[in-house]
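One-letter residues, chain by chain:
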Amino acid sequence: MVVIRDFALQGMQMLIVLLLSPLLTGFVRKVKARLLRRQGPPLLQPYRDLIRLMRKDVVLAESASWLFRVIPYIIFAGTWVAAALVPTFGSGLLFSWSADLIAIIALLGSARFFQALAGLDVGTSFGGIGSSREVMIASLAEPAMLMIMFTLALIAGSTQLSTMATYMGSGVEGLRVSLGLALLALIIVALAENARIPVDNPATHLELTMVHEAMVLEYSGRHLALIDLSSELKLLLYVSVIGCLFMPWGISGAEANPPTIALGLAAYVGKLAVGGFLLALFETAIAKMRVFRVPAFLGAALMLGLLATLLLFVSRSL
Amino acid sequence: MVVFALYGVAVLLVLAPIAVALGASPRGTSIVYGTSLIVTLILCTIALVCLFEQPLNASITLPLGLPWLGAHFRIDALAAFFLTVVNLGGASASLFALGYGRHEHSPQRVLPFYPVYLAGMNLVILADDAFSFLVSWEFMSLTSWALVIAHHRVSENVRAGYVYLLMASFGTLMLLLAFGLLAGTDGNYAFEAIRLSHPSAVLTALVLVLTILGAGSKAGVVPLHAWLPLAHPAAPSHVSALMSGVMTKVAVYGTVRILFDLLGPPAWWWSMLVLAIGGITAVMGVLYALMQHDLKRLLAYHTVENIGIIYIGVGLALAFKAYGMPVAAALALTAGLFHVFNHSIFKSLLFFGAGAVLNATGERDMEHLGGLIHRMPQVAFVFLVGCVAISALPPLNGFASEWLTFQAILLSPQLPSWGLKFLVPAVGALLALSAALAAACFVKAFGVSFLGRPRTPAAAQAQETDSNSLAAMYILAALCLVAGILPGVFIDALAPVSKAMIGISMPHQSDLEWLTIVPIAESRSSYNGLLVFVFVTLSGSSAAFAIHRLASDKLRRGPAWDCGYPDPSPVTQYTASSFAQPIRRVYGTTIFRAREIGEIPPPGATAPARLTVQLHDLIWDTAYAPIGGFVAFTANKLNVLQFLTVRRYLTLVFTALVLLLLVLAIWS
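Chain order of the listed sequences is E and D. Under my numbering, read the first sequence as residues 798 to 1115, first letter to last. Under my numbering, read the second sequence as residues 18 to 685, first letter to last.
Note that these hints are calculated values from the structure, not bench results. Heads up, the beta-carbon is just placed ideally off N, CA and C, and yes, glycines get one too. Only true hints are included.
For each label pair, taking beta carbons as the anchor points, the in silico distance ranges come out as:
#1 D:T554 x E:L816: 19 to 27 Å
#2 D:A443 x E:L972: 22 to 30 Å
#3 E:V867 x D:F650: 57 to 65 Å
#4 E:Q836 x D:I614: 46 to 54 Å
#5 E:G954 x D:I644: 43 to 51 Å
#6 D:Q395 x E:L972: 51 to 59 Å
#7 D:D584 x E:F1089: 19 to 27 Å
#8 E:P839 x D:L567: 21 to 29 Å
#9 D:H122 x E:F1089: 45 to 53 Å
#10 E:V1071 x D:L567: 29 to 37 Å
#11 E:L972 x D:V226: 44 to 52 Å
#12 D:A640 x E:K853: 55 to 63 Å
Same shape as in the complex, but just chain E:
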């Protein structure tokens, strides 16, 4: 019985992240539009976009290789598995021990590696510009994320995200300097990783400053749908990570029963709404940076992460 329940919970988690992620994107777009006094697209528009794209034919460039066709599935699978291992409504997931936070970061790294390859595959200048900028951004964002992981792992005594979430939820830790630094760094990394303003602009398409959109320019049909869905999953993943570590309320523990799960779900949807709203607010309030200002922005995240880790090495109580 227990095994079946655990399997069901894990399956539920996989479905929830998959189904909620377009909604989160739709919500962010809606809030941004309302903040600009526009009507904005309906909340469910991302779902409609995905379905429409999936039904369309794929138009493949003549110089595209077999790898170009496989990559959307690799990106989607990597991101989905990573998202399914982050505690959302409950922390006692069946397979949460199979990959810790390092492995989740690295899975997203794999997805990005293939995405950057896809940008180079057709052999166009736009794809190249996107890929080369993406790896430059990643070369700073990924170590920053690992330093944040170091900080959290040293505080919680574990690199397992579920153990971290339980520990943070237990209320043992009060306000700590290193946690504050880590949160700041994590927000910067999340903005960069999800190609949001001020690092990249998810709304533009024909602009020399674009990064993510330039890489996926040659994709169409079902391939584009998968890549869009992966980006939406990644946004959800980062909001979930911030939620489960820094707003660890309402997460159902190992002893999950229907009421706690319902509570966990409600809390999770609430956290997503808060995260999405804050993201939209931030994006509306700030302008996009020049590409070569981005390294300084991300370098700050890396230094904050390093500083937070150093503080923990020096003193357990900071």
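Chain D: place on chain E using the hints.
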């Protein structure tokens, strides 16, 4: 057992005269590489047996070498592990060369040296006294030098050979001094006796520095790496694979043997030195690699990076051992040695791939490649596997060993020393940075060479490589996957080594549920490569199945979209240099003093605009060039001594004699 291993080495040595006799005949290639393949496979099996079971007759003394010493040979756990790495690399290189070697235009310059080079590497590891160790070490260096200048008509290779010869002699000299200090005044060079002697603190410090200079220069740690990116690419590709994948590991063996086994209990500051060198080497190696557009040189610089990662593991193990934390030390050493194995696998694979490309197109310069995935799909696939593995991405093996290293770093706040408290997080950040930059670099290497459109007719006409070479590459690619999804098996195989060097080993992994690896405790950290692999494969394939069945599976081909401005010329693609431009601007402005100089002709002129990039290798400019200049200057000044009369020579000899006698008289 050691006798059988020595028989194998003897067969390899005998192959050399046979190869000389065969000359350039086409049978030579298959005889030499075929025999090498069989012998290295047998040696690999012997090493594996010795690793898992404490062998009988593990040591032997032959009446060779110094008359009062003899030549000692022994296989212990550490030697058995490194013998496995060497011979696995040797076997795959021999299999690859069975196909690749046929394209060699002057085989008589490669074939005689190849088996003796393999024999040299084996002998270094088998040696159990300082004399045989050093003789084998120098033998290995010289045979590899002969292979580096195999294509001696290329002036670049001659220069590479010259620099390599100088650096190899320097390294051996340092090791000679280190062993001299270790053996003390009695001249008892057997490792057995060295272990029992207790050198003073000053002596230990000297030996440590000399070891890092000697073995480190062979391994390629920054700033002693300068020869490596010149020499490794100059050799034929299967030899490059051996030099990069295997010979640097022999150097790591030398380091581990001296630091963990011969030099006695470590002091805390040893690890500071090793860790700092490791961190700097990892980041500098990958930054240098990002600036390259020669495929083989890029791979050689990545060897520098990976040696840095291995040194970080070894350094952490030294720190934990010095402070009596054996559990953490076992974890760190296992991480480092697991990376030794992993790097030997994927680096060989990548060099084979580069060799296959070189064979098919005649090009090592990535700016002249492109689109090879269409012409060489199988090589492209295995090369991609190697790229993912070396970029430390799950579920392949590079990630597994870096994951273990990160776990070891996370145990280090318990270290009491303040120096280490500041150094270890910084090294952790450097390790994270090097992993991210490596991924960037391999996007560039694979993307520019294999993807896109062909930039030259040679790339457009490339042919798939032969089946022997492909077999070797597929086997290594499969090993990358197996070591990535079943790391527990490999960690358990390393248990005897860590037991011998540290005293205890990591907890037994391979009978844990679902083949997970749990380095310390399950609540702390665990990773299951197998499940991650299965999940990713399942979700990817089920998504593909569902979309093709339920939505659409139609596909049309059309011209590239490129925002409406497609350009038919392949020149408009991103090149290796343009791909690295953002990273060059972010990191290279200070480290390489990178400058971009744009020359725009005045209005009306028809000359094209030009962009030139200036890069400075500051290590070469500040360390190597002045020393080289000084040596040349002194040699020039001393040149007059060459043309003296007999009378003056005799005076010179007499004065020298008197001076030396004086020194002796004052000394005593």
